[in-house]
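Chains as they are written, first to last, in the working numbering: chain A, 1 to 114; chain B, 1 to 115.
There's no promise every hint is true.
[Stated by the list, open to error] On the chain A side, residues computed to face chain B include the following (Cβ under 7 Å): (1) GLY42; (2) GLY99; (3) SER107; (4) GLY108.
No lab work stands behind these hints: they were computed from the structure. Glycine residues also receive a C-beta, built at the ideal position from the N, C-alpha and C atoms.
Spelled out, the chains give:
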Amino acid sequence: GAGVSQTPSNKVTEKGKYVELRCDPISGHTALYWYRQSLGQGPEFLIYFQGTGAADDSGLPNDRFFAVRPEGSVSTLKIQRTERGDSAVYLCASSLTGGGYGYTFGSGTRLTVV
Amino acid sequence: AQKVTQAQTEISVVEKEDVTLDCVYETRDTTYYLFWYKQPPSGELVFLIRRNSFDEQNEISGRYSWNFQKSTSSFNFTITASQVVDSAVYFCALSEARNFNKFYFGSGTKLNVKP
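Could you put together the complete structure from these sequences and hints?
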């Protein structure tokens with residue numbers, strides 16, 4: 001596609017439920033990133049993929065968070081046993097080669113845990 | 001400790017005024033990149049500029065200009081003759097040589113340009 005697509009754009013879930021957030025990067029982009037943006041804050045790094053593998057998952061806050069990119073294109077961020085503190089906008093970005101060049105961000109998924 | 005500090009939470013100006021958004025960063029790496037992004041109400045982060053740590057030349061792009069000063073660890077952004085369409089949240093970000101793929105963002109400055 002022309003840009004980075006994230007679905008759903010909004011997700012409301014109950015505390016304790018499992019959610020999946022999807023990111024469709026720009027076609028051909030090998031690097032994919034997930035960030036989390038809490039209200040009034042800047043984005044915080046979660047995880048970076050180069051191809052199919054997670055090259056850096058140091059930003060994942062705990063083991064309830066997991067992300068996959070099985071075919072090196074679409075990525076899914078999975079959150080188990082959601083908590084109210086997980087409420088945030090989850091942003092995905094992709095770039096052609098990585099290395100901090102040419103990030104293109106999606107519009108994000110707004111997750112609300114009630 | 002915060003790697004990127006944007007002390008101005010919110011700024012309001014009247015159209016055609018000049019406005020400067022401040023950014024102070026902290027890093028031990030000698031090689032790093034600095035960025036500015038714009039986040040309009042739609043939520044998408046729009047890339048504005050990337051500078052590397054070895055290039056301290058100021059840059060101008062239309063009404064936008066950037067002042068990079070290593071001596072004060074600052075990378076400030078000026079909008080000249082502001083317009084209503086400039087209203088957005090602006091983020092400064094840093095990536096370091098140890099991992100260029102990991103960006104550290106400041107908390108953002110919300111700019112309101114009133115007609």
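Here is how each hint holds up against the structure:
1. For GLY42(A), the interface hint holds, the least distance from its beta-carbon to any beta-carbon of chain B being 3 Å, beneath 7 Å.
2. Among the interface hints, the one on GLY99(A) holds; its C-beta lies about 5 Å from the nearest C-beta in chain B, closer than the 7 Å criterion.
3. Residue-level restraint check for SER107(A) holds (minimum Cβ-Cβ distance to chain B is 5 Å; threshold 7 Å).
4. Because the closest C-beta pair between GLY108(A) and chain B is about 5 Å apart, less than 7 Å, the hint holds.
Checked against the numbered hints given earlier, this structure breaks none of them.
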